Amino acid sequence: MDYKYIGKSVPRIDGKEKVSGAAIFGDDIDFGANLLYAEIISSTKAHALIKSIDTSRAEKLEGVVKVFTGKDFPFKFGLYMKDRYVFAQDRVRFVGEQVAAVVARTPQIAKRAALLIEIEYEALPVVLDQMDALKDGAVLLHPDLADYPHVPWFFPKEKTNIAHWRKTRKGDLEKGFADADVILEETYEVPRYAHCAIETHVAIGKYDLSGRLTVWSSSQSPHTQRHLFAEALAPLGLTHKDVRVIAPHVGGGFGGKAGVTMEIIPAALATKLKGYAVKLRWTREQEFVNTYQRLGVVAKLKIGVKNDGTITALDHKIYWDAGAYVEYGANVVNAVGLSAIGPYRIPNVSIDSVCVYTNLPPGGAYRGFGYSEMLFGLESLITTVANKIGMDEIAFRRHNAILEGDTTAYGVKMNPNGLLEAIDKVKKAIDWDKKLVSKDPTKALGKGFSLFWKAPAMPPNASSSAFLKFNEDASINLIISGMDIGQGYQTVMAQIAAEILSVPPDKIRVETPDTDRNPYEWQTVASHITWSSGNAVKKAAIDAREQIFALVHRVFNLPIDELFLEDEAVKCNTDKSFNLPLRSFIVEGIATKDGTYKGGPINGRGMFMPEYSSAAGDPETSQGGHPNVHYTVGAGALILEIDKETGKMKVLKVAEAIDAGKAINPDLIKGQITGGLLQGLATVLYEDMRYDKHGRLLNPNFTDYKIPTSMDVPDEIIPIIVEVPQPDGPFGARGIGEHTMLPAAPMIANAVFDALGIRIRQMPITAEKVALAILDKGGKTDG
Amino acid sequence: MAKIRITLNKEKRRLDVETNETLLEVLRDKLGMKSPKCGCDRGDCGSCAVLLSGKSVRSCLILAIECDGVEITTLEGISQDGMNKLQEAFIEFSSFQCGYCAPGVIISATELLKANPHPSLDEIKEALSGNLCRCTGYTPIFDAILAATKKEK
Numbered sequence: 001m002d003y004k005y006i007g008k009s010v011p012r013i014d015g016k017e018k019v020s021g022a023a024i025f026g027d028d029i030d031f032g033a034n035l036l037y038a039e040i041i042s043s044t045k046a047h048a049l050i051k052s053i054d055t056s057r058a059e060k061l062e063g064v065v066k067v068f069t070g071k072d073f074p075f076k077f078g079l080y081m082k083d084r085y086v087f088a089q090d091r092v093r094f095v096g097e098q099v100a101a102v103v104a105r106t107p108q109i110a111k112r113a114a115l116l117i118e119i120e121y122e123a124l125p126v127v128l129d130q131m132d133a134l135k136d137g138a139v140l141l142h143p144d145l146a147d148y149p150h151v152p153w154f155f156p157k158e159k160t161n162i163a164h165w166r167k168t169r170k171g172d173l174e175k176g177f178a179d180a181d182v183i184l185e186e187t188y189e190v191p192r193y194a195h196c197a198i199e200t201h202v203a204i205g206k207y208d209l210s211g212r213l214t215v216w217s218s219s220q221s222p223h224t225q226r227h228l229f230a231e232a233l234a235p236l237g238l239t240h241k242d243v244r245v246i247a248p249h250v251g252g253g254f255g256g257k258a259g260v261t262m263e264i265i266p267a268a269l270a271t272k273l274k275g276y277a278v279k280l281r282w283t284r285e286q287e288f289v290n291t292y293q294r295l296g297v298v299a300k301l302k303i304g305v306k307n308d309g310t311i312t313a314l315d316h317k318i319y320w321d322a323g324a325y326v327e328y329g330a331n332v333v334n335a336v337g338l339s340a341i342g343p344y345r346i347p348n349v350s351i352d353s354v355c356v357y358t359n360l361p362p363g364g365a366y367r368g369f370g371y372s373e374m375l376f377g378l379e380s381l382i383t384t385v386a387n388k389i390g391m392d393e394i395a396f397r398r399h400n401a402i403l404e405g406d407t408t409a410y411g412v413k414m415n416p417n418g419l420l421e422a423i424d425k426v427k428k429a430i431d432w433d434k435k436l437v438s439k440d441p442t443k444a445l446g447k448g449f450s451l452f453w454k455a456p457a458m459p460p461n462a463s464s465s466a467f468l469k470f471n472e473d474a475s476i477n478l479i480i481s482g483m484d485i486g487q488g489y490q491t492v493m494a495q496i497a498a499e500i501l502s503v504p505p506d507k508i509r510v511e512t513p514d515t516d517r518n519p520y521e522w523q524t525v526a527s528h529i530t531w532s533s534g535n536a537v538k539k540a541a542i543d544a545r546e547q548i549f550a551l552v553h554r555v556f557n558l559p560i561d562e563l564f565l566e567d568e569a570v571k572c573n574t575d576k577s578f579n580l581p582l583r584s585f586i587v588e589g590i591a592t593k594d595g596t597y598k599g600g601p602i603n604g605r606g607m608f609m610p611e612y613s614s615a616a617g618d619p620e621t622s623q624g625g626h627p628n629v630h631y632t633v634g635a636g637a638l639i640l641e642i643d644k645e646t647g648k649m650k651v652l653k654v655a656e657a658i659d660a661g662k663a664i665n666p667d668l669i670k671g672q673i674t675g676g677l678l679q680g681l682a683t684v685l686y687e688d689m690r691y692d693k694h695g696r697l698l699n700p701n702f703t704d705y706k707i708p709t710s711m712d713v714p715d716e717i718i719p720i721i722v723e724v725p726q727p728d729g730p731f732g733a734r735g736i737g738e739h740t741m742l743p744a745a746p747m748i749a750n751a752v753f754d755a756l757g758i759r760i761r762q763m764p765i766t767a768e769k770v771a772l773a774i775l776d777k778g779g780k781t782d783g
Numbered sequence: 001m002a003k004i005r006i007t008l009n010k011e012k013r014r015l016d017v018e019t020n021e022t023l024l025e026v027l028r029d030k031l032g033m034k035s036p037k038c039g040c041d042r043g044d045c046g047s048c049a050v051l052l053s054g055k056s057v058r059s060c061l062i063l064a065i066e067c068d069g070v071e072i073t074t075l076e077g078i079s080q081d082g083m084n085k086l087q088e089a090f091i092e093f094s095s096f097q098c099g100y101c102a103p104g105v106i107i108s109a110t111e112l113l114k115a116n117p118h119p120s121l122d123e124i125k126e127a128l129s130g131n132l133c134r135c136t137g138y139t140p141i142f143d144a145i146l147a148a149t150k151k152e153k
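One line per chain: the protein sequences are A and B, in this order.
The letter at position 47 of the first sequence is residue 47 when you use our numbering, and the numbering goes up by one with no holes.
The letter at position 147 of the second sequence is residue 147 when you use our numbering, and the numbering goes up by one with no holes.
Next up, chain A with everything else stripped away, as it sits in the complex:
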């Protein structure tokens, strides 16, 4: 298909704003003199009962407007499970949990007052490890778990610390292992990680004198936030129409700004301070300890394969450290519990994905939504088992790769995909078969390979909608509610509308959303927005086009089927001389001979919901529903250089291929691959959240928690786009943003093994860990 704007790397439409300093982020908005500042008093205990809170000294400080505690807001919230309060009520469950707030005239006064609040705790036993939390007699974090409202596809186990247990069963596991020639069992561990968007969370709530709550929020989820605010604050008499969320530009999200975390605090505080705006901005330290983190994982895998390389069975048990509240994080557990076979055709499968409460900060969405953690173990084991039977690991992966029409673990047919093409292209790009020998005797070289897949994890009714409004000059305002968290959403949506309406993308303006004016969008998460919102935008553009053709037909009596749009004008196949520029009528109507006008402003609307999606699978097997709309697949490979004395590693070359379905803007996809890969590589090589035995995070800043700098970029990154169209995607497109991170950990682990014969099963794979492993091996590093 020959497109004019689709498949073209048109420049980002937010470019001038963002490189000139004009782009407005949440903290940049000026609220005038009636702005108040909130400061949070956080729990210093990982698990304790709150005996008393003395706010009297803080209240006396000049400039303090009010001090609030849990008593003021006994409201629960949560996206998938309502297990969290705006402020701790009778007990705290992690270090950093919000217990009270000071609202003051200046941030300095608020900070000073916060130090004057005295809280008396009665310590409870602390459980910081999911395996400990599962033991008989472990302290219960949520004794009332059975009463918590949650989505129907979650299965909490009352009187335990298990918030959700996703079981997937397929085929006959015992027979599968009986059929195997080789069976391997291994355990893999992944720690917690932090998103580290450079903009910390900020939200400003204003409850005006008419009883209207507006929240400006650095958010990936404006409509979901409005919904959760309205639900949580309903006891105050607020309804959805009274709550408005405005989301300016967002300085990075990666899942950390999905759903609601700290934003509920200024929203709630504002309701008690009519007429003021109340601002809360997390410091970098607060950002580390009281937003979502990536969940920790212990994964126990058992795989059976035949000598010909066929996988016969997989038993995959994944225990997640989901933290003190699982209101969003439990869905990570759910998503992976459905998909922990990886992109493989496996006839006999058992998956147990177990969501466990611990006294650490709440886990939640993070780019990759659990698949990175799951793939670290699985793709390490795949390489190990291929080596064990003496088969080339890429040939092994090709042999077992899931193809269109194969069944997933939950019994649904796999969507069209370019997995084999991705494997072959990566293999070629990295020159896989060429044996590497380092010229430097102190260095070892290794190659690592990994496949990946991921489906958007969404409720079955997650939907998108779009309004499209023409202006007099045939320029367009596209009014939608997805967030451009950096991926280039606004540009891609403009390209879709541009293609249908034959208006250049640079004549289309897409602004950040306001829930009052922009139509509904579930959330900008799950790498589904190009697909879902793209469908809605396409439909809105088609709706506008149909109105245009109907009007032209009415006035000129030309057959609708023969009309088309080209270069901002209506043209006709049967009357080549007909050329009616959009700007001549698109708002002001078409003038007729009798001096009347026909038509009027053209506005399009579109919506999309995947009506085949269903979460109604059997709780014991996950068979029977259609929980995922589709999977995006891909492959990655890299060359790693390891200093045999220090363990220091350097990625010399990395290739990653991803099946985008249709690359609406190839350069933006390549940008996602480059950025996502570096973020992924950092989680393997040096990022690491360290907690002490009291549950306190030891490295909540960029000095001690290392994220990559410009000096850490691999020498060569080769992004590869594969295009096997998604049948229900806009122009065939699928999401790719999160997937770019997924193969990083197993690629490194497999390359370390290739170089040194050392298999590391705990992330991160730091230089220190590698150096110690080399010493353990007695200096034998040739594997």
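Treat the hints as calculated values from the structure; they're not laboratory data.
All values reported here derive from a predicted model rather than from experimental measurement.
Think of the CB as a built atom: it goes at the ideal place given N, C-alpha and C, for glycine as much as any other residue.
Warning: the hint list may mix true and false statements.
DEER-style ranges, computed between Cβ atoms [unchecked claim]:
#1 B:K30 to A:E158: 52 to 58 Å
#2 A:A123 to B:T7: 54 to 60 Å
#3 A:S56 to B:T7: 55 to 61 Å
#4 B:T7 to A:E17: 51 to 57 Å
#5 A:R509 to B:R42: 35 to 41 Å
Taking lysine-lysine and the DSBU-like style, the derived pairs with C-alpha atoms no more than 30 Å apart in a straight line are [claimed, not checked]:
#6 A:K507 to B:K114
#7 B:K3 to A:K16
#8 A:K16 to A:K175
#9 A:K598 to A:K435
#10 B:K30 to A:K16
#11 B:K55 to A:K706
#12 A:K598 to A:K469
#13 A:K16 to B:K114
Dock chain B against chain A, hints included.
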């Protein structure tokens, strides 16, 4: 409270500052310059970089009171007369994603190109090593800076 005089984006300004206010706070809250961003408030991320008499500094680490008599340039100042070659290259190469680090990155790159109009890739990496970007993987930033130097030839 103390009185200081500065030249901000070529305009002479006088203002009162608290002795404990950072340059970043004063620029953002008192002078309305929102391009310097607060990302860490302790000099780690570089989002708050501005030019102080031509040298890039982290404005979160400098007290405003120390800036009496100096010339300060923010990204707003650089952008007043339209996009320069560096900024055009940033748009061409999508050298930003969320855009939050972009002001600080452009300030650092501006300082680099002034001192060294034709830097090598390694020199670019070195000059940007204090600006954290979580989105782009840095490569598109390197590409833009290299392209901008070619444009100037």
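Status of the hints after comparison with the structure:
{"no.": "1", "hint": "B:K30 to A:E158: 52 to 58 Å", "result": "holds (55 Å)"}
{"no.": "2", "hint": "A:A123 to B:T7: 54 to 60 Å", "result": "holds (56 Å)"}
{"no.": "3", "hint": "A:S56 to B:T7: 55 to 61 Å", "result": "violated (48 Å)"}
{"no.": "4", "hint": "B:T7 to A:E17: 51 to 57 Å", "result": "violated (26 Å)"}
{"no.": "5", "hint": "A:R509 to B:R42: 35 to 41 Å", "result": "holds (37 Å)"}
{"no.": "6", "hint": "A:K507 to B:K114", "result": "violated (35 Å)"}
{"no.": "7", "hint": "B:K3 to A:K16", "result": "violated (35 Å)"}
{"no.": "8", "hint": "A:K16 to A:K175", "result": "violated (61 Å)"}
{"no.": "9", "hint": "A:K598 to A:K435", "result": "violated (73 Å)"}
{"no.": "10", "hint": "B:K30 to A:K16", "result": "holds (25 Å)"}
{"no.": "11", "hint": "B:K55 to A:K706", "result": "holds (26 Å)"}
{"no.": "12", "hint": "A:K598 to A:K469", "result": "holds (18 Å)"}
{"no.": "13", "hint": "A:K16 to B:K114", "result": "holds (22 Å)"}
When the structure is compared with the earlier hints, violations turn up for hints 3, 4, 6, 7, 8, 9 and for no others.
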